[in-house]
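Model the full assembly from the supplied sequences, consistent with the hints where possible.
Number of protein chains: 2
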Amino acid sequence: MAVRLEIIARSTTNEARLGRLHTPHGVVETPAFMPVATAGSVKGVWPEQVRQVGSQMILGNAYHLMLRPGAERVAEFGGLHRFMRWDGPILTDSGGYQAFSMSNLLKIDDDGFTFRSIVDGRRIRLDPVSCMRVQNQLGADVAMPLDDCPPAGADRPRVELALERTRRWLAACVESHARREDQALFGIVQGGTHPELRARSLAEVVAFDLPGYAIGGVAVGEGTAEIHRTVAETAPQLPADRPRYLMGVGYERDIVAAVAAGVDLFDCVLPTRSGRNARVFTRAGALNLRNAIHARDSRPIEEGCDCPGCAGGFSRAYLRHLFAAGEMLGPTIASVHNLRHYQRLLLDIRQAIKQDAWSCLETAWPVLAAASEGSADRPADPSSD
Amino acid sequence: MAVRLEIIARSTTNEARLGRLHTPHGVVETPAFMPVATAGSVKGVWPEQVRQVGSQMILGNAYHLMLRPGAERVAEFGGLHRFMRWDGPILTDSGGYQAFSMSNLLKIDDDGFTFRSIVDGRRIRLDPVSCMRVQNQLGADVAMPLDDCPPAGADRPRVELALERTRRWLAACVESHARREDQALFGIVQGGTHPELRARSLAEVVAFDLPGYAIGGVAVGEGTAEIHRTVAETAPQLPADRPRYLMGVGYERDIVAAVAAGVDLFDCVLPTRSGRNARVFTRAGALNLRNAIHARDSRPIEEGCDCPGCAGGFSRAYLRHLFAAGEMLGPTIASVHNLRHYQRLLLDIRQAIKQDAWSCLETAWPVLAAASEGSADRPADPSSD
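Taken in sequence, the protein lines are chains A and B. For the first sequence, my numbering puts the final residue at 385, and the numbers step up evenly by one. For the second sequence, my numbering puts the final residue at 770, and the numbers step up evenly by one.
If you are wondering where the hints come from, they were derived from the structure by calculation, not from laboratory data. Ideal Cβ placement from N, Cα and C applies to all residues, glycine included. Keep in mind that a hint or two might mislead.
[What the hints assert, rightly or not] Some, not all, of what chain B presents toward chain A, calculated at C-beta under 10 angstroms:
1) Pro409
2) His410
3) Gly411
4) Gly698
5) His706
6) Ala709
Quick look at the structure:
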């Protein structure tokens, strides 16, 4: 198998595991958070800085890259790693979620999606075969199968249809996957918020004996409590020796809850998308740097933070000025800080598992005990930035 | 005097001099190019990167900073160096050029400018006293006096009026300058393209015995030949032991011609403004990264360039993709490359003076021999980005 999870330690108080994910492009310490490089760049951040803040693996969006510059073009350059100058592991999603959610969907049928390109209006067909061709060309360490991910409000017959499609599409993806030696294809469990549909999907997907499994269809509009319940019910049922990836989630408390349920891999646009919008994270909660309260504040975003922004001495007042003046450096510094925030959380999570001291996390991260954020606050598309 | 020029070597073939400008924030090797940090940031570039590409001194715009966040606010933070986290030398311009050129000028009279703030529409008065107050608060190593800089097409009576105002305003600026110990006030020579008015202005300004002199009113709409002639006639007449600064100029050939005329300091928005617009400089000339010709080009912007973009292996094809996709990293990488391009030119210029081998410059920089660029191509406001 192209990737392999080595488990190093387990929490005695919950399902959390500490591991090392071995990939063709190196090892990733898990639980791990993958910054999102939608179109071949983590927005506003140099690859070197992405690594400096502690990222070991990133996510690319097949949807965006297939439309521009095109997967064949990326393949000509030796694949996504070489094209974007990231030599660590990469995971690409299938493009299905964006085809569905980016509102130019023309048709979804039993064999795939038809949509108009957001770049040039071309009519595009995305089915299991083309989805795998694109991802084989991009050459990420982990590829994801095409799946049908209905929104949170979908009724039960729609979710059951999604399950059936997801299973058949997965079979077709496995069949047409051309790079099994150096590219792992994960399975995706769907089933919305219905426990018995989740269980059915899980059994069907696990039957394929894949190198890793993802929980999809989470944080697509439902509330925080539902997210946590679904993950807590699903993750522990996945094979213990394979990596578990929770797609597009989320806030700090969502990640901590999912790790406690046994999840190993995460991605989310929140650090970069929030950063571009002047929203910065601290252990005590988020701040909006546009607020007037910061205009005379000489403190860094967070005291003691070792990110290049805080350690570099940029004050909240200066950052507020950059956002007010529309200076690119504001979004850049805020994004780098937020990425470091997430990677520090994951560092502390790994430390808590290693020392089997899970309860210490909430002391160091007051934001975990803060009031729940509503689903309205979640990014509409949490996996493409 | 707050700054002092130490001359180390002179060319035997022209007026070029190699020097060290001693300032309260360290030494600058001259001839030197100052990147423009209009609103307290070199657009899209971390201060650390500004230094990494070889910049030793930068320029800030009093006009933009007085409007937002306000010079008092910057002073509360210990001045512009500390506010923007640049610990090297800084020069601030007076704000007069922007007050005049940014098209919301309400009135120019014999005592100063009245204009509307581009930030909030407030009516603002800029006169010698407020200009010096603002720059004293910003605390740059070099401050510039308020001057009257008419556009290239101005008739002779208008230029003569500008000379008279520039002289009187300089006297008022010298009078109200409150930080002579740690902030040098330069004089500005005006006079448009009229040799005898330039000579008159020069005599009047030099009579103030200031720590440095600037040539203003160049590259304000006239052609390349006029720019070179004016500089060649003016620079050598300035006191040999004081730094000479050519404001807002320009292309590589303009800089080389001005150094040959004895100029020591330069600033221009070209590296960053062009970079944001996908225009990148090479020794052989500029490229537009948006052009389709780059779509399959695996070469860096310039072979052998040691900037973080070229040395980092980012291909022209990847950069074109970033610009096409509207990714912030494109403008950032292009700006950093262009800044390095300018600093490498200045490095080579200093080397050519040191080795007294001026003629070698054109061999290493074919762009210097290329056809002249028209004035239409010059930035409308070359000193605020």
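Okay, the hints, checked on the actual structure:
no.	hint	verdict
1	Pro409	19 angstroms, violated
2	His410	16 angstroms, violated
3	Gly411	18 angstroms, violated
4	Gly698	5 angstroms, holds
5	His706	5 angstroms, holds
6	Ala709	6 angstroms, holds
Of the numbered hints given earlier, the model fails hints 1, 2 and 3; all others are met.
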